[in-house]
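**Q** Letter by letter, the chains look like this.
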Amino acid sequence: MRRKLYILIGILLVAGMVLAACGKATPTSAPAPKASESSQNNVPAKTSAPSAKEVTVTIGFTQSKTGKFNEESTRQSDGLDLWIKQVNDQGGIKLSDGTVVKFKAVSYDDESSGDKVQQLYTRLITKDKADFLISPYSSGLTSSAAIISEQYGKIMLATGAASDSIFKKGYQRVYQLYTPASHYLTGAVDLLQSLDPNVKKVAFIYENSKFSTAVVKAAKEYAEKKGYDVVMFEGYDKGTTDFGSFINKIQDSGAEAVMGGGHFQDGSTLARQIYEKKLPIKYLALLVAPPDPSFADLGDAALGVVGPSQWEATANYSPESAKAAGLTWFGPTSADFVKAYKAAYNEDPDYHSAGGYVAGLVLQKAIMDAGSVDPDKVKAALDKMDILTFFGHIKFNTADAHGLQIGHEMIYIQWQKKDGKLVKEVVWPKEGATAAPLYPLKH
Amino acid sequence: MMDALIRSLIDGLLLGFVYGIAAMGLTLIWGVMNVINLSHGSLIALGMFSVYYLFVGLGIHPYIALVLTAVLGLIFGIIIYFIAVHRVINAPELSTLLATYSVNMMILGIGTAIFTTTPRNIPLDLGSIQFGDTVITMTRLIAAIISVGVAVGLFLFLKYTRPGRYIRAVTDNRDAAEIVGVPSAQVLALTFGLGTLLAAVSGGLIATFFPFTILSGETYELKSFVIGVLGGLGNPVGSLFGGLILGLIEGLVPMAMPTTWTPVLEFVLFVLILLVAPNGLFGGEE
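Top line first, the protein sequences correspond to chains A and B.
439 is the number that my numbering gives to position 439 of the first sequence; each next residue is one higher, with no gaps.
147 is the number that my numbering gives to position 147 of the second sequence; each next residue is one higher, with no gaps.
Chain B with its partners taken away, still in its complex shape:
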């Protein structure tokens, strides 16, 4: 039993890091722009397909493909911002919600037509490492390490670079930032790009060990919401911890009860946090 617990704990933690950066993308956009990005799930799915086609089609190793996917994600996010979000950024929250939802529907529609909904698998086998009865799959271990790297990178970017400082300034007070010369439109576009980048990277990482279709993003979008609320919407660092908590729940709950109960517990927790601590366990943006 102890062995089983340790195995589940490790599985949960490794997955939790990846969920964490998916949620970070959602929560960054929310925190800086007050936009609930409902295209988050489909952007995760596009990240999956990007890595898949770069690997299967062009023979680029998935982890190098991930770097390209990150760049594509950033560019795509900026494009989405200027086409769909920029014009309604000052409108009430419902407008941006609907705008990103339309983007979501477009991606899903076009994606279904191009990719169909046949499940894809990235045939990547990097073996595993074994301690006693515990086997850790390499793809998951690497995904967790990359996720931590991405999270640290984002933190350093926001803290120490000029665009990062601009983003924080816009988060604190957009009007004041504009008065002192911060180009807020570019900063918002960059933020949306970064959020998309995070979604695409997490999708690409998930695709290295789980099968996916263009519709797979939805599951991870839901998880991102739960994690975002756990860690505090608008708090990217909290997201990483929120991801770990969710990963632990997914790893440990099934040891005690049927696995189908896991999402029930997750969403009970979600509602409880909203009621008791709406700024999340680690403090949100407010």
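Bound-form chain A, shown alone:
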């Protein structure tokens, strides 16, 4: 009896492990909405007659008011709402023909679910007659929304979505504002090279997730192209808390620099254990975790750790740096944006907030350049866009991966000590830097 029970438990445990290992399959896209009824609706109606002096453009998007993306998505929508409010309060956009364009937002709760996103974007387009769309938060949801927006020929500005793959499907009217995943750590390689040309051995350790794997694969290729010797390239499971064996392996490999990570929990644990184990490396760059303010809770273990961020309030992009780089400056400065955001929501904006705001800002610039709200003209203006904003450089790929962001660069932050307190400084790229990088890592 007992023996059978042992075996039963054994089988159950193993089955559980296997199921857990299989993980959640990425939801495949839901069937397309009834195309028949929309086939003639592909060209959106002008919002109002051309003779009218004022038009109101409807911007449609979904927000994850519930579910796992709630926090990031709320910040993103807050940023976008702030832009709409500012533009309307200033009396709208005046086009060259004298038309005044104002904006109206329609949004729904997508519950952080891809299926819901497809229903809601269909509704936004067919029922609410949205003229332009903004993506939901996250690559997964944006990928679902893009199928719908493209089907109806709507322009969608994708923010909060870093995946490269969305833009390799031949879409013509989806535009990415974030730096794509494939460029998340390439700047960290450049930074390392600028700091110490003698470092040659790099170890990559990363979370086994779609995002992190895509990031490190691209970074590895880039590092090898730059002449680095990748001495270790290994993934760890989601939820790993003990990095002891990885750290021993890194030490054994003789790596002088370590890059990788995944999300907040694993990244901060890895940094802490590397510090505790006094791993003799000179440089540590991790994904996602370092830009988070709570990374500072690690204390001295956070010191010197570098991390990529889409945007930081302290980044020094300005009309002057635009001039130096030969780009057109557009929109508010970081300081103005932060001030307005704080006044509106009583909290500091993070890069999700900035991403939401800049989606509106880019649409505004495109409408102004087009001199019209006609989608084809706005599309042409987006294709030509090459500007510097408080968020950074914005320029889209118009060739093989249409809409992919190719202007915006990640900002690299580093935790440094000022007057005994940990502060986050921007150390790369040079034009946005607020402090000189701390090097090598001191443990």
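Because the hints were derived from the structure by calculation, they are not lab data.
All C-beta atoms in this analysis are idealised placements derived from N, C-alpha and C, irrespective of residue type, glycine included.
One thing to keep in mind: the hints can contain errors.
Far from chain A, some chain B residues (derived; all Cβ distances over 10 Å) [said to hold, decoys possible]:
#1 VAL88
#2 ILE142
#3 ALA169
Which residues of chain A face chain B? A few of them, derived with a C-beta cut under 10 Å, are [claimed, not checked]:
#4 LYS277
#5 LYS278
#6 LEU298
With chain A fixed as given, assemble chain B onto it according to the hints.
**A** Same frame as chain A, now just chain B:
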């Protein structure tokens, strides 16, 4: 390479002791009561939170908080016994399995509502000691020492005290023990309390060096099962050795192959032991 092996060996051994006392809690309850305690993992997680809040909230040093956590664990275990287990203790094993599973779900549900699933860290840095290239983190060394202390304490308790002798008597033959006047209900409650105490203490120790959430216990519960089977379910001393074996596997396997293979090997071993030596390497209760 030799250095790397030694480093991994030390890491594995230190962790193995802590895993050992987690498994001891599971296996003690099994051995004495024939109850598979499926709330074991969540009790480990509660131990983590207990130490965390006593330290971060009340400023009590984690190792003193651990003593309080042990006492709380004992009391909580006894309460769980009388509420959830006592009534079904004589029912078939499936009933107690389900009863403890319900306790598990309740703890996880309430715990998720109160603590959320945001990871916590106990900000305890006691430095480290270094021999050549090998660095031993103090928190892990102390955790291993405490674990050995707890294991020895349990052994002495079972061997030399009256309640300990009662527990052994009930293990051998509950009916006979009752006939000679051993208060079996109290003894079973005490056993469940002790098992919970061990779970809570191991959780508290793990929390001093790994981040955790209310859901973290599950991993350690799975490890406890593997260790329990290695050392023989119902054999607390075997658990300590089972823990060391598991720790060694976790330390050494990654040196030879990708780390993600470690759990695969652990569970292959688990199934093999069940098939070949179901009483464990060190002999189980039967």
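**Q** Restraint: A:LEU298 near chain B, CB-CB cut 10 Å. Satisfied or not?
**A** holds, 8 Å
**Q** Verify that the Cβ of B:ILE142 lies farther than 10 Å from every Cβ atom of chain A, and report whether the claim holds or is violated.
**A** Given a closest Cβ separation of 13 Å, the condition holds.
**Q** Does B:ALA169 clear chain A by more than 10 Å, comparing its Cβ with all Cβ atoms of that chain?
**A** holds, 20 Å
**Q** So, A:LYS277 near chain B? Judge it on the closest CB pair being under 10 Å.
**A** Where the cut-off is 10 Å and the nearest Cβ of chain B is about 5 Å from A:LYS277, the hint holds.
**Q** Going by Cβ atoms only, is A:LYS278 closer than 10 Å to chain B?
**A** holds, 5 Å
**Q** Should the label of B:VAL88 as a non-interface residue stand, given a Cβ cut-off of 10 Å to chain A?
**A** B:VAL88 clear of chain A: closest Cβ-Cβ about 16 Å, beyond 10 Å.
The structure shown violates none of the earlier numbered hints.
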